[in-house]
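Peer 1: Residue numbers (the working numbering), protein chains in the order written: chain A, 1 to 448; chain B, 1001 to 1448; chain C, 2001 to 2487; chain D, 3001 to 3487.
Keep in mind that the hints were calculated from the coordinates and are not lab data.
This one's a predicted model, so the numbers in the text were calculated from it and none came from an experiment.
Glycine included, each C-beta is placed from N, C-alpha and C at the ideal position.
Heads up, some of the hints might be wrong.
[As the list claims (entries may be wrong)] 30 angstroms max Cα-Cα, derived BS3-like pairs, lysine-lysine:
| no. | chain 1 | residue 1 | chain 2 | residue 2 |
| --- | --- | --- | --- | --- |
| 1 | C | Lys-2427 | C | Lys-2443 |
| 2 | B | Lys-1283 | B | Lys-1155 |
| 3 | A | Lys-56 | B | Lys-1056 |
| 4 | A | Lys-155 | C | Lys-2149 |
[Unchecked claim] Okay, the calculated beta carbon distance ranges per label pair:
| no. | chain 1 | residue 1 | chain 2 | residue 2 | range |
| --- | --- | --- | --- | --- | --- |
| 5 | D | Glu-3021 | B | Arg-1149 | 43 to 49 angstroms |
| 6 | B | Pro-1414 | D | His-3026 | 32 to 38 angstroms |
| 7 | D | Val-3305 | B | Glu-1445 | 27 to 33 angstroms |
| 8 | C | Gly-2387 | A | Pro-8 | 42 to 48 angstroms |
| 9 | B | Asp-1368 | D | Lys-3479 | 43 to 49 angstroms |
| 10 | B | Asp-1368 | A | Gln-401 | 44 to 50 angstroms |
| 11 | A | Gln-401 | D | Asp-3309 | 45 to 51 angstroms |
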Amino acid sequence: MRYLPLTPDDRQAMLAKIGVTHIDELFRDVPADALLDAPVDLPRHATEMEVEAAFKSFAGRNLPAGEAPFFVGAGAYRHHVPATVDYMLQRGEFLTAYTPYQPEISQGTLQALFEFQTQVAQIFGMDVANASMYDGSTAAAEAVLMARRVTRKNKAIISGSLHPQYIEVIRCTTAFTEDVTVVNPPALSGVEELISQIDDDISCVVVQNPDFFGNLHDFTKLAEAVHEKKALLVVVVTEVVSLGAIKSPGEMGADIVVGEGQSLGVGLNFGGPYVGLFATNQKYVRQMPGRLCGETRDADGKRGFVLTLSTREQHIRREKATSNICTNAGLCTLAFSIHMTLLGEAGFRKLAALNHARASELADKLSDIDGVELLNESFFNEFTLRLSKPAAEVVEQLVEQGVIAGLPVSRLYPGNEELDNLLLVAVTETVSENDMYALYYELKEALK
Amino acid sequence: MRYLPLTPDDRQAMLAKIGVTHIDELFRDVPADALLDAPVDLPRHATEMEVEAAFKSFAGRNLPAGEAPFFVGAGAYRHHVPATVDYMLQRGEFLTAYTPYQPEISQGTLQALFEFQTQVAQIFGMDVANASMYDGSTAAAEAVLMARRVTRKNKAIISGSLHPQYIEVIRCTTAFTEDVTVVNPPALSGVEELISQIDDDISCVVVQNPDFFGNLHDFTKLAEAVHEKKALLVVVVTEVVSLGAIKSPGEMGADIVVGEGQSLGVGLNFGGPYVGLFATNQKYVRQMPGRLCGETRDADGKRGFVLTLSTREQHIRREKATSNICTNAGLCTLAFSIHMTLLGEAGFRKLAALNHARASELADKLSDIDGVELLNESFFNEFTLRLSKPAAEVVEQLVEQGVIAGLPVSRLYPGNEELDNLLLVAVTETVSENDMYALYYELKEALK
Amino acid sequence: QEELLIYEIGDTKTSGVDLPEVPEGHSRLGGLARTNEIGLPGLSEPEAMRHYTRLSRQNYAIDMGLYPLGSCTMKHNPRLNEKMARLAGLADIHPLQPQSTVQGAFDLIDTLAHWLKTLTGMPAVAMSPKAGAHGELCGMMAIRAALDKRGEERTIVLAPESAHGTNPATAALCGYTVKAIPATEDGRVDLEALKQALGPDVAAIMLTNPNTCGLFERDIKEIADAVHAAGAYFYCDGANFNAIVGKVRPGDLGVDCMHINLHKTFSTPHGGGGPGAGPVVFSEALAPFVPTPYVVAGEEEYTMVEHDDTGDSFGRMTAFHGQMGMFTRALSYMMSHGADGLRQVAEDSVLNANYIMTSLKDVMTPSFEGPCMHEALFDDRFLKGSGVETLDFAKAMIDEGYHPMTMYFPLVVHGAMLIEPTETESKQSLDQFIGSMRHLVDKALSGDGDRFTGAPYHAPRRRLDETTAARKPVLRWQKPEPAQAAE
Amino acid sequence: QEELLIYEIGDTKTSGVDLPEVPEGHSRLGGLARTNEIGLPGLSEPEAMRHYTRLSRQNYAIDMGLYPLGSCTMKHNPRLNEKMARLAGLADIHPLQPQSTVQGAFDLIDTLAHWLKTLTGMPAVAMSPKAGAHGELCGMMAIRAALDKRGEERTIVLAPESAHGTNPATAALCGYTVKAIPATEDGRVDLEALKQALGPDVAAIMLTNPNTCGLFERDIKEIADAVHAAGAYFYCDGANFNAIVGKVRPGDLGVDCMHINLHKTFSTPHGGGGPGAGPVVFSEALAPFVPTPYVVAGEEEYTMVEHDDTGDSFGRMTAFHGQMGMFTRALSYMMSHGADGLRQVAEDSVLNANYIMTSLKDVMTPSFEGPCMHEALFDDRFLKGSGVETLDFAKAMIDEGYHPMTMYFPLVVHGAMLIEPTETESKQSLDQFIGSMRHLVDKALSGDGDRFTGAPYHAPRRRLDETTAARKPVLRWQKPEPAQAAE
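With the rest of the complex left out, here is chain A (with noise of 0.2 angstroms):
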């Protein structure tokens, strides 16, 4: 066994040291019918070459998003990634390194995630962001348990216009607590009336932007209304390229921002891992959950980083802690930070451009087929269409022909046939002039 350093004469050595004769003396605590006395109904141990035959085999059996032409978004956007974030992942000094709780010898570590803090508090607009959650959904959960804690309030308001999958999330994390949550039906217009709904009862209003339907909002307003009756407004940013060319959530009035940082260094990944973005105010720190850095000075008075405010988290505080959550993305938020250390401000914002142009001019393009109509007003880099077909057979005939054409609504809402001919398409710099040809031209055979 390649991953087994002990040879035969070493296991007989180090028993003999230790004063047994046999292994399984070691294991005498273990009640003598549940001790296996053989391996179990599983293959035995495989060469690389084998190893390596298995998973191309899985890996051939799916399609690729970069070998076809691919609209698919809906909370995970396939953007390219610089080799040089993937070389510096693979360092076994980033990759084999554990929780950077000896600070003197994880400054690597440390620094990166308080470059990444500020970069994430940065592009939020907020004053602090966490080092890190799972995902942007369970960070979505996690703003609304925070809101309670800060407002001791426990009644959240959800847009409509929230992705469906992170509504899930919330109602599940909720579910068993005394949180309240009021969900909205979907709002396809863009245009749903939140502030009515405010009352002096609520923690938090959790909204999205751009939202679900790639509708984009303005929350100056809304922010003004939660805070007269001091609650929090929670927004959700599951593209975070589309800060690069539109006004944070902290410029509108957020006091928690949240979103999905996938799309900075990390890749697809069929869903995971991914990385969890918080950002709060100063004031509401010592409720933030999730581990922070912070800056400090050595016995020398060299500056260096630590782990701090760890009296809020589970290992100290345990059954009153902010969270359960006992690990981060580590090094999903390297990735993301790499990433966008490498676009700086300028090829953020120019990434952003293009991402809104490419999808602009796929957006007019597309609109021109008869069968074919642009539900929003608004948009970054995703947008809603309404077919004459029900969106989940088109999309299924387009696979045939080689094109990923976006994702048919009604998969994550199953049963509202008022969604059923739904498409949400999502452009990023990835998709090139021929991919939006291919979709214009395979869309509009498939609907005439």
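Based on the hints, put chains B, C and D in the right spot on chain A.
Peer 2: For chains B, C and D alone, coordinates are given in the frame of chain A:
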């Protein structure tokens, strides 16, 4: 430009500091009419995405060996390389380091070279090895030049079973000096009368094991005859994995052993970069070409390693140097050495046994086909078949069926009709039962 | 040379990425264009390469040496797994692309599920939890859903004092109150005390086995029986599964659910704190309540069920399907070891820990008698009178070239030092470590106190002021005041 | 902790590779089975990972900091190039597989050839040379072949005193005797002396331009004309092409052939000493003599010509087709920069060198007047009386966090220090370097001699005893004598 850190502002500030106003003032020594005033006629800079698209297009028009039943060897062999090897090669500390002329900050490269030299010497059964040459063929030419220096004689006898491209390289390298190279005709049978050709004028005899046609040889008697005439026996090994199974050239009395190390760690790479192995006995060390790493101590008495015996080399000795070489195959030596270290003697022997067993199995299977004759009495992992049709035609026919059947010997011996029907077939551990069956079936069909 | 922050190196105009020119077109941003400067610094690619390379070199990592962090299972991370995870057919697929185009991915998930179920002897598994603590939450939510379906309102969860902090935190998220069960002298759950604590208000017990003292709970089956008899469920914290994988199936012990940290037992990289993955295996009793989504193998193809029609599923824990990238790595690790190799993993991890325990027990003070499982627990009695604390001792290990062991956990012994070598350490490596530890004990007891209280001396940083960091938190870079900047 | 040798860690039984079982079968080894132990140590994968990771951390590298090695062009190595070189369709193809199955590879080689020809303004290129020195050999062999065809026996090659050592070594391999041409006061070839040296026995001149003093040969065209008038050829050593790429085409200067170090100008990684690649461009006069093999673009497909039918080719320099892996990386680099970016490369590399020269000329002693090209040459006059030698000064740079510059080359100035920053250094990085150098000069002149003569102090090793290493060479590990081993 992502690779150029200077900003326009930086450039202005720096020009000012230097005291010029335009960059071309720094090019003032260039004849005015030779200084281009615009970029040359080539495309402008490209994004990562564009470069990736271009290379995917190049790559997409080739058939990777791993995607077909594949049986070409002839001096380059497809072996499986553990993932650890490539990870380590990519570490910036190895990848982006220079030649270790400053040993205090190059111990990583140097110790790895010292270990490499020892491994190569052991594999070949020789006293010492250098830190590598460009590849096996140039190493073979350097061996002939070295034999001339050692013996002060200039006539080399080259076996007709030496890889034909190696013969060409030796001929070319010695074309303009006073060397005489006697090249024998190809010895298909595996029997070649070399001893009778040895006279007092020869500097060396150059042979290969396993030879180009796959035959194995015991050179013990040849070595004795060569030594009697105060000449050197040079043994070439193009498949280093064979030495996990067969007696080393050192054990047979070789004076210089050179080889192609590509089989371990390096991969196919369409012919390069590869790694030339070069070993000899202690007494000839100062006539050896190429870099050498040696053990020593630092000012604190700690063991350390340095490049040594550089008085043999061109940067010191100029036209009297042992060679004009001033690089080695640095990173490829590391790949070779890591792969060898992972294998260890047990793994190396098992790998060799596996190659031999697979090749035996296939040789038996193919011999059953009407119109196929196995020429080899002995072989390691490669053998020669005489087909009932020209091999080049058969190979092209099998390409259509997705099988890369081996090398038609005629490709390297054009115009030698006697060889037109010969097919050289290599089998390594990467060849599966299915691959072998595919070749068997398609070859049988083609020869019907 | 100290490494500056990106904010001190780069500026907002520099970029290390080339992008195509942006075509003209009218904006659809609805008047929401971002106009103010964000302040994000860019670095050219060479600068970025140096910055992060230099930062990385300030980290300790498994690739550099022994990482004896008890409870964390810091084992070798094979690069084969990284290579597999980067195959385009696995890395470059979207969670919501048509199911017909990701059948291989579903097969992979289903295969991993089969391995996990077989190794644990449990009939069901939830794949989506994102990390160990998320898996705990998943398990406890299933328990709560099952009890709710039974119409029972139980309010208490039992957990031993030595439990991981995530256990009570998780129970609280499910609306439960945690009650501690005491331990016996020999570091195990007090069965009698447990039986007394059980009652109609108890929803579940949360138990780590092997426990956080590195010991196997001998009475595990009696505990399970008693819990079940009281109508409660048995949640097992699988953090220490590495000690028994392939040797003992939790399903045979009466466990109802258990999370599995793929980043511990199955070697997905820790990555400086994540991402992890925490699939949860379930007994028949809890299987109906698993969260969405899950893969179902049909006759001809796989289906990812994203909406539960039974009404029993307690819901969705995360968008999309879970940590696919970690699934790939874990399955690659598992297939590489096979049933035989995984069994050897458990044996060697236990052997290595006992070898350390035996080799140090004459100079350090093991907290409990008898063989340990895959980690060796010591307390600070051996330091008594030396003036050296557990923390100092651990920091001095840094100067010897090691990462410190886990300190002050579990809380049940004084000045705890929990050492887990894992099975991927060679005997040579263990002997060197033992030698270093014995050397340090010798120095501690011979009055060489400065070596400890000032440690580390040979690290990228000396000891850091964590108190000030927490009192006056500086959690992000701030642009220096203009006055300063002008200086 | 010092890192042991693999021979001191592993043993011949351990393996870090799993292989399938070997099927039974009769041996065809002709009685030559290897029976004696070879002595090759194996390491398990975790041990190997640590060994090489730790070794790597004892190296300096471009990724870690400025590498001011004159004449070596240590620039940033983009990882995009590494990624491209690993595409299966480029890395996993065999040099002798059917030509119909490698058309993309031929296209790549042909494309790279086009870029090289366009950038140099030369009509032909030989791709197969394996490194710079191999390229020199290629060029000189073509010259010899051309002269042989003309039936002329010329025996002398001219080269300036400042030439790289490879130049005379190469000339010798082609059967030529080297004669040195003196330099003028300002560091260039003495045109008058050259003209006098030219005659019917001169085969060629070998000239580096920009030359090894970092200067452009002003009289280059007159030199070329004189050489050609004498019936000889002009070989240009392209080692310093980085200074002029995209700005000056050697073909416009009268050059007959020039090698190009892909690992210098076009950024293929140095890899601790190789592999390099050294394609050679040729004038019309020499084009017929290029070595085999070469790619020919046909109407429908590419052909790799492996056997020359004209009889003019001087032969084959290497088995197979050259350094394909380096071609991929170099072309990826070139396409990334484009015609515009490559021009900027030359400008920035020259700008950076002159910035260093200007910023240090008041404290160090530049050897020549006027602007330099991409490297700044200093001599040791500024150290006069300080007791500090060039070597000491260079070693002290290690303690400042830098790789030393090139020392004692070129030989034409005393105690030479040749600094080449390359274009991939930022101004911030240069300023820091300049600051460190000024600081060192200050220390050297203020009598802080120990800092230099004992340097380096802060490196994995102190200064190593190279004399003993050469006198009693220990070039491999040897098994310790049994007596010692038994101790």
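Peer 1: Next step is simple, just say for each hint if it's right about the structure.
Peer 2: Status of the hints after comparison with the structure:
1. C:Lys-2427 to C:Lys-2443: Cα-Cα ~24 angstroms, so holds.
2. B:Lys-1283 to B:Lys-1155: Distance of about 21 angstroms is within 30 angstroms: holds.
3. A:Lys-56 to B:Lys-1056: Measuring from Cα to Cα gives roughly 19 angstroms; hence the hint holds.
4. A:Lys-155 to C:Lys-2149: holds (25 angstroms)
5. D:Glu-3021 to B:Arg-1149: 43 to 49 angstroms: Check passed, 48 angstroms falls within 43 to 49 angstroms.
6. B:Pro-1414 to D:His-3026: 32 to 38 angstroms: Since Pro-1414 of chain B and His-3026 of chain D have Cβ atoms about 36 angstroms apart, the given range 32 to 38 angstroms holds.
7. D:Val-3305 to B:Glu-1445: 27 to 33 angstroms: Holds: the Cβ-Cβ distance is about 32 angstroms, inside 27 to 33 angstroms.
8. C:Gly-2387 to A:Pro-8: 42 to 48 angstroms: holds (44 angstroms)
9. B:Asp-1368 to D:Lys-3479: 43 to 49 angstroms: holds (48 angstroms)
10. B:Asp-1368 to A:Gln-401: 44 to 50 angstroms: Hint holds: Cβ distance 47 angstroms, inside 44 to 50 angstroms.
11. A:Gln-401 to D:Asp-3309: 45 to 51 angstroms: For Gln-401 of chain A and Asp-3309 of chain D the Cβ distance comes to about 49 angstroms; the hint holds.
The structure shown violates none of the earlier numbered hints.
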